[in-house]
Amino acid sequence: MAEEEEDDYLSMSFGGPEAKPQETSLQRIARQKKEAAERSRVPSKGELREREKLARETALATAIDDSNKGAKMMAKMGFKGGALGKSDDARTQPIELQLKNDRGGIGMDSEKKRKVRQAAEAMEEGKKKQKVGMDEFRERSRLEREEKRGEGLWWGAMKVLEGLEEDGGEDAKVEDGPDEVGENVPKIKKGDKLKDVNLLYRPLLKHRLEKERDRKMRYDLNNSLSTRNNASDSEDDKEASFDKRTDQLEDEDTEIEEYEALSFANRLERVVTELRDKHQYCFWCKFRYTDAEMEGCPGLTEDEHG
Amino acid sequence: MADSENKSRFKRQKLSNEADQSNPYLAHMHPNGDSNGVGLDQSNGYGNGYASNSNGSAGGLSTFKRHASTAKMAKVAEDGPTNPFTGRQLSQKYFSILKTRRGLPVHAQRQEFLDMYQKSQILVFVGETGSGKTTQIPQFVAFDDLPQSQGKMVACTQPRRVAAMSVAQRVAQEMDVKLGEEVGYSIRFEDMTSPSTMLKYMTDGMLLREAMNDHDLKRYSTIILDEAHERTLATDILMGLLKGVVQRRPDLKLIIMSATLDAQKFQKYFMSAPLLAVPGRTHPVEIFYTAEPERDYVEAAMRTVLQIHGTEPEGDILLFLTGEEEIEDACRKINLEADELSREGAGPLKVYPLYGSLPPAQQQRIFDPAPPPYKPGGKPGRKCIVSTNIAETSLTIDGIVYVVDPGFSKQKVYNPRIRVESLLVSPISKASAQQRAGRAGRTRPGKCFRLYTEDAFKKELIEQSYPEILRSNLASTVLELKKLGVDDLVHFDLMDPPAPETLMRALEELNYLACLDDEGELTHLGTVASGFPLDPALAVMLISSPEFYCSNEILSLTALLSVPQVFVRPASARKRADEMKDLFAHQDGDHLTMLNVYHAFKSPAAQENPKQWCHDHFLSYRALQQADNVRLQLKRIMEREDIELVSTPFEDKKYYENIRRALVAGFFMQVAKKDNKTYTTVKDNQSVLLHPSTVLGQDSEWVLYNEFVLTNKNYIRTVTAVRPEWLLDIGQAYYDVDSFPKGEVKNGLIAAQRAMQRARDREERQKMMGGRGR
Numbered sequence: 001m002a003e004e005e006e007d008d009y010l011s012m013s014f015g016g017p018e019a020k021p022q023e024t025s026l027q028r029i030a031r032q033k034k035e036a037a038e039r040s041r042v043p044s045k046g047e048l049r050e051r052e053k054l055a056r057e058t059a060l061a062t063a064i065d066d067s068n069k070g071a072k073m074m075a076k077m078g079f080k081g082g083a084l085g086k087s088d089d090a091r092t093q094p095i096e097l098q099l100k101n102d103r104g105g106i107g108m109d110s111e112k113k114r115k116v117r118q119a120a121e122a123m124e125e126g127k128k129k130q131k132v133g134m135d136e137f138r139e140r141s142r143l144e145r146e147e148k149r150g151e152g153l154w155w156g157a158m159k160v161l162e163g164l165e166e167d168g169g170e171d172a173k174v175e176d177g178p179d180e181v182g183e184n185v186p187k188i189k190k191g192d193k194l195k196d197v198n199l200l201y202r203p204l205l206k207h208r209l210e211k212e213r214d215r216k217m218r219y220d221l222n223n224s225l226s227t228r229n230n231a232s233d234s235e236d237d238k239e240a241s242f243d244k245r246t247d248q249l250e251d252e253d254t255e256i257e258e259y260e261a262l263s264f265a266n267r268l269e270r271v272v273t274e275l276r277d278k279h280q281y282c283f284w285c286k287f288r289y290t291d292a293e294m295e296g297c298p299g300l301t302e303d304e305h306g
Numbered sequence: 001m002a003d004s005e006n007k008s009r010f011k012r013q014k015l016s017n018e019a020d021q022s023n024p025y026l027a028h029m030h031p032n033g034d035s036n037g038v039g040l041d042q043s044n045g046y047g048n049g050y051a052s053n054s055n056g057s058a059g060g061l062s063t064f065k066r067h068a069s070t071a072k073m074a075k076v077a078e079d080g081p082t083n084p085f086t087g088r089q090l091s092q093k094y095f096s097i098l099k100t101r102r103g104l105p106v107h108a109q110r111q112e113f114l115d116m117y118q119k120s121q122i123l124v125f126v127g128e129t130g131s132g133k134t135t136q137i138p139q140f141v142a143f144d145d146l147p148q149s150q151g152k153m154v155a156c157t158q159p160r161r162v163a164a165m166s167v168a169q170r171v172a173q174e175m176d177v178k179l180g181e182e183v184g185y186s187i188r189f190e191d192m193t194s195p196s197t198m199l200k201y202m203t204d205g206m207l208l209r210e211a212m213n214d215h216d217l218k219r220y221s222t223i224i225l226d227e228a229h230e231r232t233l234a235t236d237i238l239m240g241l242l243k244g245v246v247q248r249r250p251d252l253k254l255i256i257m258s259a260t261l262d263a264q265k266f267q268k269y270f271m272s273a274p275l276l277a278v279p280g281r282t283h284p285v286e287i288f289y290t291a292e293p294e295r296d297y298v299e300a301a302m303r304t305v306l307q308i309h310g311t312e313p314e315g316d317i318l319l320f321l322t323g324e325e326e327i328e329d330a331c332r333k334i335n336l337e338a339d340e341l342s343r344e345g346a347g348p349l350k351v352y353p354l355y356g357s358l359p360p361a362q363q364q365r366i367f368d369p370a371p372p373p374y375k376p377g378g379k380p381g382r383k384c385i386v387s388t389n390i391a392e393t394s395l396t397i398d399g400i401v402y403v404v405d406p407g408f409s410k411q412k413v414y415n416p417r418i419r420v421e422s423l424l425v426s427p428i429s430k431a432s433a434q435q436r437a438g439r440a441g442r443t444r445p446g447k448c449f450r451l452y453t454e455d456a457f458k459k460e461l462i463e464q465s466y467p468e469i470l471r472s473n474l475a476s477t478v479l480e481l482k483k484l485g486v487d488d489l490v491h492f493d494l495m496d497p498p499a500p501e502t503l504m505r506a507l508e509e510l511n512y513l514a515c516l517d518d519e520g521e522l523t524h525l526g527t528v529a530s531g532f533p534l535d536p537a538l539a540v541m542l543i544s545s546p547e548f549y550c551s552n553e554i555l556s557l558t559a560l561l562s563v564p565q566v567f568v569r570p571a572s573a574r575k576r577a578d579e580m581k582d583l584f585a586h587q588d589g590d591h592l593t594m595l596n597v598y599h600a601f602k603s604p605a606a607q608e609n610p611k612q613w614c615h616d617h618f619l620s621y622r623a624l625q626q627a628d629n630v631r632l633q634l635k636r637i638m639e640r641e642d643i644e645l646v647s648t649p650f651e652d653k654k655y656y657e658n659i660r661r662a663l664v665a666g667f668f669m670q671v672a673k674k675d676n677k678t679y680t681t682v683k684d685n686q687s688v689l690l691h692p693s694t695v696l697g698q699d700s701e702w703v704l705y706n707e708f709v710l711t712n713k714n715y716i717r718t719v720t721a722v723r724p725e726w727l728l729d730i731g732q733a734y735y736d737v738d739s740f741p742k743g744e745v746k747n748g749l750i751a752a753q754r755a756m757q758r759a760r761d762r763e764e765r766q767k768m769m770g771g772r773g774r
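Protein sequence lines, in the order shown, are assigned to chains A and B.
Oh and the first sequence: position 304 is 304 in UniProt numbering, straight run, nothing missing.
Oh and the second sequence: position 218 is 218 in UniProt numbering, straight run, nothing missing.
Bear in mind the hints are in silico, worked out from the structure with no lab data behind them.
Do not take every clue at face value.
[As the list claims (entries may be wrong)] Below, a list of computed lysine to aspartate or glutamate pairs in the EDC-like style, where the Cα atoms sit at most 16 Å apart: (1) Lys677/B - Glu47/A; (2) Lys677/B - Glu52/A; (3) Lys713/B - Asp102/A; (4) Lys76/A - Asp517/B; (5) Lys459/B - Glu111/A; (6) Lys112/A - Glu460/B; (7) Lys112/A - Glu292/B; (8) Lys86/A - Asp487/B.
[To be verified] If you want the footprint, here are the derived chain A segments under chain B, 3+ residues with CB under 8 Å: (9) 49–55; (10) 64–77; (11) 88–99; (12) 108–118.
Every residue gets a Cβ at the ideal spot worked out from N, C-alpha and C, and that includes glycine.
Sequences and hints are given; from them, build the entire structure.
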């Protein structure tokens, strides 16, 4: 550092007559302080890496110039530029260095680049599309909303149906979406078979069983992790009896698959019809009529109910 | 000499006048020429045959005329019962080997080969691996060229030392002679030949060395450059030289042997020499590509191996990886997973690593048969070899049916702009990929799993690997060429000339080392340096070491720097290995530490049981032994060149300093200056770190290094602390301060310069004061 200052001093005194705007002593002290701080700061690893890379790339991109001793010797040997040897197609540039820093396979780098490019293109594409279809967008979101609502109504209708089928009573409350799990353990009373249950609300039970199975798996996992093996016998029994039913989830059930392939609106319509036909219950009036004609109900669909 | 030659020729002629004997079709009736009829009597045959040989005319070869023999004649001579070259009785083993030899693909084309060989001075021979070319062609030549009758030899070059040794051994067996007599080998630091040698296997580098003292290679009647497709530096230079030699010596025959099909390039280079191709004994190999590029090629490789083991029918697996560490790691992991698989019903899997620095005994294990099934009739066992690219061309392992190729190998790269020569993991070429795939089809139809997409194969891999000459520092080569009498380096006819900057850098380095003058002519120092089989920097260091009173020590150090790493650091015992290394550590750097190791190794205590001692101290016994041998060879050259062997007394406080100064005499161009946390190389301004293996602390301002290694970081390896005054003093021409770019290095040098000046002034003043006082 001391040398550097002396250097500056020397260069100024021999620097010739050109009149540079003079730096005031305060400015100089400030500048020197700043420079010293910059020098004494310990660079981070990333900076070092960056610096190393920069130095390497700069050097690699710079050809050895004619002032080099070896170049002068070659000139004396009759080298006039171009390539060495006697063939015409010999190389004039050194082979490029390619550093590999990871274990990516052949083609991985270009694959990454391709993906980045693709993503960029996709974004462009997306922007264009947005401009085109404001109407289309409205239509789509309307459909999405309807779909969601349809699903909610379907779950609700199934619960009503379940309630009616199980005890003939009307304890069903209309809720959107499937049950929260836990408090009401699955009610399958007529036999143990899922398949025996009315297809129209079977998904409801299936859903509960699935949730229950997940909960149990989590529970088992917790148990095995904590190595506490003091689960009470009664609980074990409960789990065991439940196992039998969750096992049914593994069984194939083509009926339910077909049913679930229908749109929510269709499924809802089927449940509503079932409710009317079997239980004289109008899902839309939320009322169980006593007569088969269902006097007083405006009709089958929601629209008819206004 | 000329007399006896005439005599023998006359004798041969006389014999060939006898109609029966000259008729090759009747030759079987006269199995061994002049020892006629004795052949069946074993007890007699030995003596007679031998005697006839000492008469100057070899038994079965007496009917042979140079460059006019036939395959049939050779067959008869080979059938014995006496050895056509020694006249001794042929052994049982010889005949059993002969039978296998006759089954080799090259054998079917012996006559065709001879026809072309006799007609043309230069011949390009293409034989795929497994065709038997390396062992058979030189013997075919020996039977027709009869080098012993001319007092000459047939030379066959190999790129690798190990290959030269093992092939020579094999051929000596095949010819039923003692290795080192009729058949020998010559590699750097080891000569296994005798005056009776007529067939000599040697490294290409060795032949190049010989050419330095004998520009026309007059000792040879035929030169065979084997494995030319590998395009080693020495082979490329030899081709350039021999192109001139064949014009000066019409009697010299030259055969270029290659295992791959780019042989047209050789043909074109050698003035349209005729080409003969022999198909290898290979089976079709089905090639599979991945659908997607792999995120981690090592992971993918291990997965593929295990999948093959779990699902494919019997057959061994060859996996190509890049280096020792990667290979050992993969072997460990595959072993673990294979145990798991065998519990699930798969057969046993034996995994063997294979790489250059592996001890020979362990290398040999790859030839062990695959393990038997766990129980009779159970799933077959197999072996899996995890190898560097040495298994690509040079080593033939039978039984390989599956090849897993991630597409990488460690390759040497050199860039003259930053003067770095390093081994880097790089993609292989298409030619290499084909070669690798071919390894699966040696025994029966096989499969090759490439861990990249077909698209990547087509678009990302270059056609041919770059020849070594394009990837090397040429300082040593330029010095050799100068000694070989090549004056016009610029127009020297190479098959693939390197970039001009590479030559520039080499000339510059040699000029700074004072091996070449400004006109590019060899200096005295350069001539002496070229006599050492060493890099110019090492040679110059060694030659100038007497000036620093430590040539004994520098000799040891040079030997140590010429052999593989002496420190062993197994993954399982890194900490203990480091502790052991600390026992030898010298605070001023790795060179001195290595020297301490060597001195300890030579101490009586260690020599009592050197193997155990090395094992206990985590040192490579092989490397140290090799260093000992190299030291001996170098010492002989020093004695020949009248270079004094001196030492500073160990008690002298300058003992170590002198050694460090002597290091500067050779390595002043490989110096870095501390710059904050990192170091900066002088002149090239590359930011580098001390390699983690160094014993040197981080507080040395100036360090000299043996190697600049590029990995994901720039490292300098094997470093020793030096003083800037020494650089200015010993490397004067290089440390011309004005020529340095502005920066930390220049500032440091200027400071040192001033300090030196001040010291001189002070001395001057003291002298004057002292003078006045008196």
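For this structure, which hints from the list above don't hold up?
none
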